[in-house]
Amino acid sequence: MSHRWVFRLVLAAAALLLLVRVGSVPIMDPDEARYARTSLEMMRSGDLVVPTFEEQPRLAKPPLLHWLHLPLFRLLGTSEWVVRLPSVLSTLLAIWITGWIARRRFGEEGAVWAALIMTTSVLVVCIGRLNTLDALLAVHILAVVALDIAEPEEVGRYRSLVVGCLLGLAFLAKGPVGVILPLLVMVAGRTAAGRPVVPSLSGVLRALAGLCAVALPWGLVFLKRLGAGSTGGLLQREVLDRFFDGTDHVEPPWYYAGVLLVGFMPWVAPLAVGLFRVAFLGRGKKARTGLYAGAGLLAGLLFFSLGQGKLPTYILPLAPLVAILVTWELGQELQAPHERRFAAGLLAGTMAGFGALLAVVSALDLPAEAGTTALIGAGVYIVGAIIAFIGVLRHKPRHVFGAAATASGLFLLLIMTVFLPSHARSRSSLPLLEAVPALKAGRPLVVVGMNLPSLTWYLDQVPEKVRVVHLSERLDRDDAVVLIMDRRDVPAAGARTLRRLEEIGSLEKFVVLEEIAPNPDLIPDSRDSPIP
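Residue numbers (the UniProt record's numbering): 1 to 532.
Heads up, a few of these hints could be off.
Below 25 Å or equal to it, Euclidean Cα-Cα: the simulated BS3-like pairs (lysine-lysine) are [said to hold, decoys possible]:
hint, residue 1, residue 2
1, K61, K286
2, K396, K465
3, K286, K465
Simulated restraints on C-beta separations [to be verified]:
hint, residue 1, residue 2, range
4, L75, D47, 47 to 53 Å
5, S2, E508, 30 to 36 Å
6, L364, T191, 42 to 48 Å
7, E55, V221, 19 to 25 Å
8, S2, D486, 23 to 29 Å
9, E514, D248, 29 to 35 Å
10, A12, P199, 15 to 21 Å
Since the hints were derived computationally from the structure, they do not count as laboratory data.
Beta carbons are placed, not taken as given, at the ideal position from N, Cα and C, and that holds for glycine.
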């Protein structure tokens, strides 16, 4: 079978991992539900400039994802798989582009390996199935990097203009990071590869023209609607404060070391060897792609590590650089399989260690689905490690990397079919709605001390939000309200308020309450609460 056909099979396997049960997994809190609801409100309002969530302006992110949702919602409805379709398609396109880069640098076999490494990376598949901005951002950044890596004769004379348009789309996907990150990667990659860093003036002008043509129309209308002061405050709050002060998700600088270890298991082993080899031994034209990918990866990681706010999803745009560098390292071992097998041996050892870790995890007191996933995953990785060690002894790097890809792919399939559907239900309001039918009765709904965007999504009703300390005042309205609280917050409401309430349903940490009497003075004085 030709490598072209194998490449197509890899894309088919990627589609399977991204689509299997994607429609049976409920929309999760907070980001998935928030983005989905914002798109729905944009479709209903017809306002393509200022997104809203729960009928209030949502200004944190630009609207590209919502624009993509609009035709999908109109044509296909608003089921879970439709909501996640932009991310799935973006991830598939990113895998294809990664193969395109590798084909031109490493040949047909290199395209297969690069796409396969992307397809079997935990971070890529898990985030690629979620309704978030990261997959959409990643594919546009990757397209910019692909054009930058390519030789001039491979992309034509309009490269700078196309790069500018792609930067504009990346900006519309997630804001300034869509422009800053690819420029950092390009500067670092070009410097390491010995290529000119400063582009020509005509190239800069064409890129600026493309960027402005794509992003400026929305930006100008947005600026006019909000005003210069509000827009400046928004940039200060959402860009500068988030990066330098960490308004959300504050983590230490070494946070992404752990994300790399888990998110690119088991490819972290050849990745580490490849980074070392390209940094200290990489010379000449044949090492240019490895140098570019390694420097771009390190620059991106440094950028995200310096920021105070951190999430695993942020480094998804760097995943193609990981795949390219690991593919480059495999190529080095294939050139001298008897002398260079350190990466292959380390990869086999990593698989064995991860399999042993999963076996230990499976013995813990976990939910049934998590325990089953860990136990079967342990067996898959240990068998894969045995096959890989045989490949190391026989000086067959392809067998080692193939065993790793197979084990990782099977483990990911297990995660998507067994673990993720159960885990997602614990992060969504859908099970609560199924357990407590009163929530669907159309009565006034109040969420106490929490944000549950998935509740708004599934009920298509905007709940009122109050703090626990203001709950008594809210009950004075006497409008047959239904309350949702975290059970841990119930005692904070106070005995006097709780005497006015009774539980009508619960699920895990959530308790659903309704008022039983509008006036607490009519109830005998008692310190006992009806809430267990």
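Against the structure, the hints come out as follows:
1. K61 with K286: Cα-Cα ~40 Å, so violated.
2. K396 with K465: 61 Å, violated
3. K286 with K465: 60 Å, violated
4. L75 with D47: 47 to 53 Å: Check failed, 20 Å falls outside 47 to 53 Å.
5. S2 with E508: 30 to 36 Å: 52 Å, violated
6. L364 with T191: 42 to 48 Å: 46 Å, holds
7. E55 with V221: 19 to 25 Å: 21 Å, holds
8. S2 with D486: 23 to 29 Å: 57 Å, violated
9. E514 with D248: 29 to 35 Å: 33 Å, holds
10. A12 with P199: 15 to 21 Å: 38 Å, violated
The structure fails hints 1, 2, 3, 4, 5, 8, 10 (numbered hints given earlier, in ascending order).
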